[in-house]
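A.B. asks: Whenever a hint applies, use it, and build me the whole structure from the sequences.
Letter by letter, the chains look like this.
There are 2 protein chains.
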Amino acid sequence: MLSAILSSPSSSSTSTFPLRYSSPSSLTNLSSLPLTIGCRRTSKKSTHNNCSIRVQASSGMIEKETPETERPHTFLRESDEGSSGDESSKPNSVRARFEKMIREVQDSVCAALEDVDGGGKFKEDVWSRPGGGGGISRVLQDGDVFEKAGVNVSVVYGVMPPEAYRAARPVDNGNTKPGPIPFFAAGVSSVIHPKNPFAPTVHFNYRYFETDAPKDTPGAPRQWWFGGGTDLTPAYIFEEDVKHFHSVQKGACDKFDASFYPRFKKWCDDYFYIKHRDERRGLGGIFFDDLNDYDQEMLLSFSTECANSVIPAYIPIIEKRKDTPFTDEHKAWQQLRRGRYVEFNLVYDRGTTFGLKTGGRIESILVSLPLSARWEYDHQPVEGSEEWKLLDACINPKEWIC
Amino acid sequence: MLSAILSSPSSSSTSTFPLRYSSPSSLTNLSSLPLTIGCRRTSKKSTHNNCSIRVQASSGMIEKETPETERPHTFLRESDEGSSGDESSKPNSVRARFEKMIREVQDSVCAALEDVDGGGKFKEDVWSRPGGGGGISRVLQDGDVFEKAGVNVSVVYGVMPPEAYRAARPVDNGNTKPGPIPFFAAGVSSVIHPKNPFAPTVHFNYRYFETDAPKDTPGAPRQWWFGGGTDLTPAYIFEEDVKHFHSVQKGACDKFDASFYPRFKKWCDDYFYIKHRDERRGLGGIFFDDLNDYDQEMLLSFSTECANSVIPAYIPIIEKRKDTPFTDEHKAWQQLRRGRYVEFNLVYDRGTTFGLKTGGRIESILVSLPLSARWEYDHQPVEGSEEWKLLDACINPKEWIC
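The listed protein sequences derive, respectively, from chains A and B.
Going letter by letter, the first sequence gives residues 1 to 402 in full-length UniProt numbering.
Going letter by letter, the second sequence gives residues 1 to 402 in full-length UniProt numbering.
A portion of the hints provided could be inaccurate.
Note: identical chains are not told apart, hence a pair may lie in one copy or across any two.
[To be verified] Below, in silico cross-link-like pairs of lysine-lysine (DSS-like), each with a Cα-Cα straight-line distance of 27 Å or less:
#, residue 1, residue 2
1, Lys331, Lys121
2, Lys243, Lys275
3, Lys357, Lys398
4, Lys243, Lys389
5, Lys389, Lys266
6, Lys275, Lys389
7, Lys195, Lys331
8, Lys320, Lys121
9, Lys275, Lys357
10, Lys275, Lys320
Everything labelled a hint here was simulated from the structure, so no lab data went into it.
C.D. replies: Right, dumping it as structure tokens:
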């Protein structure tokens with residue numbers, strides 16, 4: 001299970017999978033599960049690149065990241081591509097189609113960002129694990145338009161402790177103890193920080209999770225679910241931008257269920273909450289997790305629709321704001337808000353905090369942090385100012401679409 | 001107990017008091033104790049300054065911070081200054097002398113920093129609580145030499161849950177349940193970030209803690225202990241600077257016990273450890289906590305000696321490095337190391353993380369964060385470079401004094 005974390009590309013990413021099983025407050029319980037994870041430099045002179053990641057579950061599984069020079073056509077295990085009787089092993093399985101989708105999204109988003117940037121290019125890191133799975137991290141840093149943009153995909157085969165498998169409980173007669181349960185996880189995750197203080201930051205993440213049916217617990221089913229979201233974090237409010245962004249999210253949601261947008265909009269406001277500031281990180285969007293109480297095909301289509309909505313939701317805003325003239329004061333305010341972004345990600349974001357604690361690929365996890373951030377003592381925006389309006393909207397989430 | 005946190009001025013500050021009672025891993029247990037803490041804006045338009053802090057312990061105690069226009073001559077309760085039979089209530093009590101010491105240290109350190117800076121001046125915030133206690137926060141921001149320097153003192157009267165009082169256990173016969181135990185805490189805490197990338201950051205914190213004897217548990221004694229430390233975080237190593245710094249720490253220690261420096265030097269290396277990077281925040285110094293197995297007067301003198309050693313340990317280094325010419329690359333590396341500082345303080349520092357979770361005075365807690373910080377994807381210093389040497393010393397702590 002923890003290996004889902006290890007290859008987690010970014011904040012609130014695939015790393016949130018394990019939380020399906022437990023409330024956020026029981027994170028420490030998860031950490032103390034019978035899994036040991038090591039991420040140690042092998043020599044005194046070695047650097048981050050030499051960090052090897054091993055996962056040792058109660059099953060004895062050990063996985064180690066291997067850098068790859070080329071992208072494989074799939075990170076799925078061969079058995080998943082074959083034609084065994086197992087549904088998940090077919091080439092048109094949900095896991096296969098989800099991987100195809102997130103890799104296409106990674107390609108199209110990176111292409112769109114490079115296109116808007118004009119100068120910056122994405123640097124790519126590819127890795128795999130011997131037992132299957134792997135990931136592609138892409139980062140564009142210090143471009144003409146973007147300060148830092150990370151777009152990562154990962155596919156993980158892991159093993160979760162049986163205690164974490166909810167579905168096993170109802171048929172547990174107290175005599176049989178199911179063994180560790182294999183799981184599959186895949187996700188795309190991205191944080192994009194532009195340079196211009198009037199151009200907003202965006203974050204999106206879409207993920208799919210599947211477990212095998214526990215072998216020793218007859219009747220306990222295979223489990224699956226979807227999670228994800230897209231949210232906007234401006235330093236200044238342009239109401240037309242925020243409305244456009246939320247409208248695109250709503251449009252994607254409404255194609256599937258009229259209840260989705262209001263429900264996932266509120267979920268987003270609740271999730272990206274900086275408790276010690278009593279304010280949200282930004283102006284929200286949509287967020288959902290543990291979604292499996294709808295048709296699986298419908299949710300695959302829904303996730304695909306959401307992921308494909310990132311470009312139409314975000315790129316027009318960037319096109320409009322990337323060259324807006326700004327002052328040092330505007331930049332300083334953006335940097336202060338970046339500080340809040342850092343606070344949320346390091347203190348609250350489940351994927352980040354869990355990933356850090358369990359020894360995930362640090363550079364992939366922390367690619368969500370901005371290139372630069374700022375903390376001024378007791379900064380108070382002047383009431384009624386543009387900075388104050390943004391802060392007010394972070395404190396009191398608004399309905400952007402009437 | 002939590003009110004110790006609430007007025008905690010900074011990282012690894014007085015906030016670490018409660019941890020006397022529990023291992024770091026049981027922080028969440030502390031959070032779930034029967035205390036409720038509220039830090040809410042009172043109106044939609046209010047800002048941080050209006051954040052009121054209330055502590056509601058099982059005893060029903062409610063404390064609220066009140067801004068003060070003048071510094072009181074003491075934050076001790078009147079009873080502590082009187083001449084009742086209670087030892088702690090005498091004017092020459094340890095708590096009274098400790099408060100006097102930390103306020104003198106605050107004055108002298110601030111004067112020395114303003115003197116070196118030449119331009120920047122400290123801004124002061126004073127607050128008190130109706131039931132006694134209070135604090136003085138001083139921040140110098142964007143000076144000529146210092147990017148951000150915070151020097152805070154605080155005095156706290158709180159109540160800790162009986163479950164947290166170790167000394168009560170041996171005489172607990174299982175029939176009597178002791179009530180909440182009043183405690184007293186006082187500390188000085190400071191983080192100083194200079195502008196010049198060759199001038200190091202310093203952090204120091206000295207604190208004293210006392211409990212009353214539990215009334216309902218005959219034989220359970222009054223408890224007290226000392227904690228603190230001073231540590232250096234450069235972006236570049238000047239061996240003579242680091243040796244000077246450690247020599248002053250060793251000199252202070254050796255006046256009291258030859259075992260102190262080696263023991264507290266290692267404790268410091270162990271405490272300021274960024275686990276997910278497998279590196280220390282900086283080049284260490286001394287750190288100790290829970291110290292009560294020596295004569296109380298001796299430890300008061302030792303804490304005083306350590307606190308008074310900050311100026312001779314640090315100011316000569318700043319004088320030497322504040323005007324060293326530097327390039328954009330030097331500055332960028334300093335900013336990257338500032339990013340590590342942020343990571344340590346937000347992810348690991350007990351005082352900061354606990355303070356954030358329990359609703360402390362945010363601006364005082366986060367004054368430890370630098371004015372600006374930076375995160376580059378997968379930055380790797382060139383082997384053998386000055387940046388690499390610093391990183392290597394953070395990964396492999398050295399003995400600076402042979």
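A.B. asks: As a check of your reading, is Lys275 near Lys357 (CA-CA no more than 27 Å) within one copy, between copies, both or neither?
C.D. replies: Both, since 20 Å and 8 Å are each at most 27 Å.
A.B. asks: Under a CA distance limit of 27 Å, which applies to Lys243 and Lys389: within one copy, between copies, both, or neither?
C.D. replies: within (16 Å within a copy, 50 Å between copies)
A.B. asks: Is it within, between, both, or neither for Lys320 and Lys121, if the alpha carbons may be no more than 27 Å apart?
C.D. replies: within (21 Å within a copy, 42 Å between copies)
A.B. asks: My question is about Lys389 and Lys266: at a cut-off of 27 Å on alpha-carbon distance, are they close within one copy, between copies, both, or neither?
C.D. replies: Result: close within a single copy only, 20 Å intra versus 48 Å inter.
A.B. asks: Within a copy, between copies, both or neither: where do Lys275 and Lys389 come within 27 Å Cα-Cα?
C.D. replies: Result: close within a single copy only, 19 Å intra versus 38 Å inter.
A.B. asks: Check Lys243 against Lys275 for me: Cα-Cα at most 27 Å, and say if that holds within a copy, between copies, both or neither.
C.D. replies: within (25 Å within a copy, 42 Å between copies)
A.B. asks: Which holds for Lys331 with Lys121 at a C-alpha limit of 27 Å: within a copy, between copies, both or neither?
C.D. replies: both (24 Å within a copy, 24 Å between copies)
A.B. asks: My question is about Lys195 and Lys331: at a cut-off of 27 Å on alpha-carbon distance, are they close within one copy, between copies, both, or neither?
C.D. replies: both (9 Å within a copy, 19 Å between copies)
A.B. asks: Check Lys275 against Lys320 for me: Cα-Cα at most 27 Å, and say if that holds within a copy, between copies, both or neither.
C.D. replies: neither (32 Å within a copy, 42 Å between copies)
A.B. asks: If the cutoff is 27 Å on CA atoms, where do Lys357 and Lys398 land: within, between, both or neither? Let me know, please.
C.D. replies: between (34 Å within a copy, 26 Å between copies)
Hint 10 from the earlier list is the only one contradicted by this structure; the remaining hints agree with it.
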